[in-house]
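Chain by chain, the residues:
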Amino acid sequence: MSERILDINNLSVTFGGLHALKDLNFHVDEGEIVGVIGPNGAGKTTFFNMISGMVTPSSGEILFEGESMIGLDPNQVTQRGISRTFQNVRLFANMTIVENVMVAQHCRTKKGIFSSLFNTPGFRKEEAEIRAHAEKVLGFFGTRLIGYRLEQPASVLSYANRRRLEIARAMATSPRLLLLDEPVAGMNPKESAELTDLIGKLRSEWGFTIVMIEHDMNVVRDVSDRVVCLDHGETLAQGSFEEVSNNPEVIEAYLGRPLEKRA
Amino acid sequence: MTAAVKVKGARRTGVDWFLLFLRVLLIGLIAIGLLAFIAQQIDPNNWFARLTHDGEAASRLSWPQFRGLIVTGLSQGAMYGLIALGYSMVYGVLGFINFAHGEVFMVGAFTGFIMSNKFDEAGWWDGPIFIPVILITILVSTLVATATAVIMERVAYRPLRGSPRLIPLITSIGVSFFIQNAVILLFGPGAKGYPPNPDWLEETIPVVGIEVKKLLVIVVAAISMAGLWYFVERTKTGKAMRAVAEDKEIASLMGIDVNKTIVTTFAVGGAMAGIAGILWGILFKSVIATTGFLPGIKAFTAAVVGGVGNLGGAMAGGVSLGSAEALAPLMLLEPLGVEGPSQLRDAVVFTLLILVLLVKPTGLFGERLSSEDRA
Amino acid sequence: MSTTTTDNDVFEPSPAESAMAAAPVQSSVDWNKVARFGGILALALVFISLSGMPVGLDKRTILYWINPGVYVNNPDGVGLTLGYLSLLIWPILLGWAVGNEVVLEGMQATKRGFSDLLAGFGVGALGGLGVFALTFLMGLDREMDPDSGALVYGVRDPLVNWNENLYVLLTFNRGWGFALWVWPLLAGVLALIGAGLRLLPDGIRKAVLAAVTAIVSVSIFQFLIDDVIEGVGETINDPGRLSNFFGDPDDGRPRVDSVFDGLIEFVYAQTGGLRLQGMILIGVVAAALSLAGSYVTRGRFKASRKAYFDKPLAQRTMSTSVLMFVTALALIILPFFTGKIANELFANVGIFLLLALGLNIVVGLAGILDLGYVAFFAVGGYTTAVLTSAGRGDEWPSWVPLFVTDDGEAVVGGWLIALVFVVIFAAITGLLIGAPVIRMRGDYLAIVTLGFGEIIRLLFLSDWLSGYFGGAQGITNIESADFGPLGTVSGINPRSVFYLVLFFSAIAIYVSWRLERSRLGRAWMAIREDESVAEAMGINTVNMKLMAFVVGAVLASFSGAIFSAKVGSIFPTSFLILVSIIILVVVIVGGMGNIMGVIVGSLVLIGVLGGPKQPGLLQEFSEYKLLIYGALLIWMMLKRPEGLVPNARRSRELHQDEFLQDAWLKGEVDTGDDGDVAVEVAPA
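Chains as they are written, first to last, in my numbering: chain A, 1 to 263; chain B, 1001 to 1375; chain C, 2001 to 2684.
Don't read these hints as lab results, they were simulated from the structure.
Estimated spans, in silico, between C-beta atoms of each pair:
id	chain 1	residue 1	chain 2	residue 2	range
1	B	GLY1255	C	GLN2614	51 to 57 Å
2	A	GLY66	B	GLY1340	56 to 62 Å
3	B	VAL1359	C	ILE2507	38 to 44 Å
4	B	ALA1147	C	LEU2137	17 to 23 Å
5	C	TRP2513	B	PHE1231	52 to 58 Å
No experiment lies behind these values; they were computed from the predicted model shown.
Beta carbons are placed, not taken as given, at the ideal position from N, Cα and C, and that holds for glycine.
Make the full structure from the sequences, and use the hints.
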């Protein structure tokens, strides 16, 4: 077993009396793909928001590579190596496809106002590198997002391709931990099978550790090393897909209590 | 979806430190100013007063002066509160700042000017039938102001519904500019005088020492406010307004005519501004095309201070802002040795706005915003 | 567009139009619409009449030879004046607008036809009735004062323009009975012409519009055109004049006859306005050029322009630099030929252009609506004033430098040193104002910056700081900017100011241009699109927004420093909120986020209408320009929020639906079919 990359202890958050997350314990090891499942409103997205710094927890600690992430702004979290996608795809719709990916490299590049103004060789070199990296990242998804598409605004893309572009944008921040929020939602079976394949490659070829929220159990089964089920802000079960999917509490959370057991 | 409830954690950036410094500085200045004021009330010749007044003693504020300031502050604040209601309601329902709302107020004041002068020419203004005459004036001004607000909504804002949120704001700046300059062109650029008030309005009530006209302003504002409260909280239209403020789409699915409700919102806000306009005329007896600008901004500040979208808050914000504006120059700035402090009255208001947004951005009584604006 | 040119290609009908030509669509008059438009027209005409515009603009003749009736300000003169034009243009516009074409979702529901003419006439007639109603009421109110014999009006009391001049102008001095039939008829015919323009073939219509636009512009810009042509002509006759241009213009040689004097006299009348022959000449030339554009070049020019704009930015660089070089050269040469007043105008345009370029970075690129932008202009102006004026407040300690010699002369290079301080103070002010507001919601930010702008002005105005900034008396005796051998820039030589402002505008343009295409520009765009996602993608939004704020502040302070040196004295009244709003209008009308747009915006608005206090080419408009600014702002937001020269990206933002519809028609929208995409994944 390799090193812990993310370690979350006793994490809680309350929104005006509502416990969105209660005493959550969670960890991810380097190179793992962890699937997070749970019924709607279980606190999965809040959980992601908290890791990525968009929501500050009420108590508990988040350690990323041994360093506390509490109180960091989202951009600092991204800078430290955690990147995410959004459940309701949030692209920069009026920027071109390649710009969407280029802008994500902001925190990995550093040329400032003066080198931009004087168009220094260093600046031009960096711009070329940003562009090359962006094309490389986009090329990961086949030919869909490159070629003539590069200079088109993101708003012309189909839903599936928007999801792909969002993953590409997250990849471009060069994270070590990638948080995918329902990556295959809205895709047809063929597309989601392909993306499942790609998620595997994200680990094997790009070396990302991945935490993925997903409702599509086929995807979760195919790609996750470990599955965590959340309900009402608490961990219901974790373990291999089979263990979790056969856990009676999980089944109950998803399907409700079987009739004969209701008292 | 992603509720960006950002509670500041332990780590601060340079900007955070600066903001903290700014908060401490502003609050510190206020505290020092107040202490110095108290000190000079006790002993005008204390060392701090001599320090800030080039070695001379400060002047003490007498009780009637102080009382006068408070009453002035309250009556102005009541007007700000009335105008602020319009800002607050429109912000609650449509989620944008109607920058031109101050001009609705000005139109009300202008209508009052025309009406009152015509009545004065007929000899009715300063006569025994002043009360019915002023009621008619208020009614007409309110109608004109309401019509202005409704036309504004129809022409300039309705086509923009659903566009990026800065677009209606910019448009409303244009509307404000247009109305202001249209009034200048139609009625001339100079200040327009109201006829003199009847004597009994200018008198001071003996025991409490309040001028009758200021009392009138406060009373009329309170009545209007109560009426509005009843309208919003108790009537069917008011319920529809609150529903639209919460979520336009759902409200329309529930059978509420969203357009009509929005028009009502503008109309009610305009009516309140119209009443405030007349009160302004009675209080200051003069109106000019740019009259709407500063009270408009101040009323917006009042709305923010009280918590945008919160009607009681708007009124409370108006009153506290009016008092702060009246008192701060003499109670804070003068003890700190600022010369000509009343010139900086407007600066006090803007500083207060900034302070409130820095310390408690949701206002004193909390915001009530529609769901899409909360993010 | 195909290269084979057919007639259709020349006129470029919209796809819907050609597809629908054969479809049966009804053509009838929509009387509701006519009544609505007629009502709007009537209200507009009455409002414009009462605003005083027709009477006020009556001094300016457009066409010398037409006599519509009376010429209020000059009863002996005749001509179509700008005053009448301010009324008569509206029937034409509304007649055009009432056109019966309804296009729903790309499908034409009703078509153009002769019913449009009828509708147009109806609208115009209703509008004319509105004017008649006004004259009738005025006639009822009009009384002869028995004592003085003057005509007095009862309603004049609140309505300042309800007076004899307006009555005379509206009734052509023939009483309201004349207005009863002449206005509905006149307005009706004009609206009919407006509606009729729709029926003309596109090429002809363009030619007609070009002719009318040319005639009106040539007439309105008489002063500038006259000035430039005379200047060029004089220089041809006496090339020696050029040698004197960097010197004091007051030593300039007397004006000599220009070779073009004959042409000017042929076109323009002595008292202003175009002669009949001039009008015909200009109309014919413009129409011919327009027709040539349509038929002779067969759209090739248009196609090449389109090809240029279709190219990705990176590939445009070559053509862009050529264009910019040519423009710069033209701008440098132009002031050699123009007189002092025109140069003053250019200098004013430049000062506001510089401000607008700065605001464009803040609003256009980073999406921060800063309404207190004037504060930085003020800081630039006051810093320069304090450092280069002997007349600054006397409470400054002696270690605050003063770049004035003991004889009260400007120190060589003193302005430049002061400029260093200006930049520093502007940047600090930018940070001080920016830091508290930068986390606020966009609309709160707008109002709070407005508050800051006001606070800064109130501080400069206050008695409290009058020992430093002179309070309401301001700071006078500001030295001109002495650049030693390069010359001196001062208000008495507007040409020098123009060059200085040109230099700084070039810097500002370069800065905007570079930043937009850099990592910072992309980050700003991302913030403008979705701030919280931008932050989640690793962009430090606070720092980036502050940076935009500071860059904008520094550019505005340059403008302030030049303003200070130009005017020679500085008062708090030069820094009203009004200035911020006018700059905002310039940026928005030109096209937010687009350098070219901002330039066009400043030229059109500041150049033609004028700045907050500076007169433009249409000096008669100074009373009405603020109203026009307000109306323009509303109109642009409603109809064309992307501005006159749109930035492609901005228009996409503002017309998302239409854009997608177009893209769909062109087959560019990605429908998600993987049919044509190889599913195999490229090796990483």
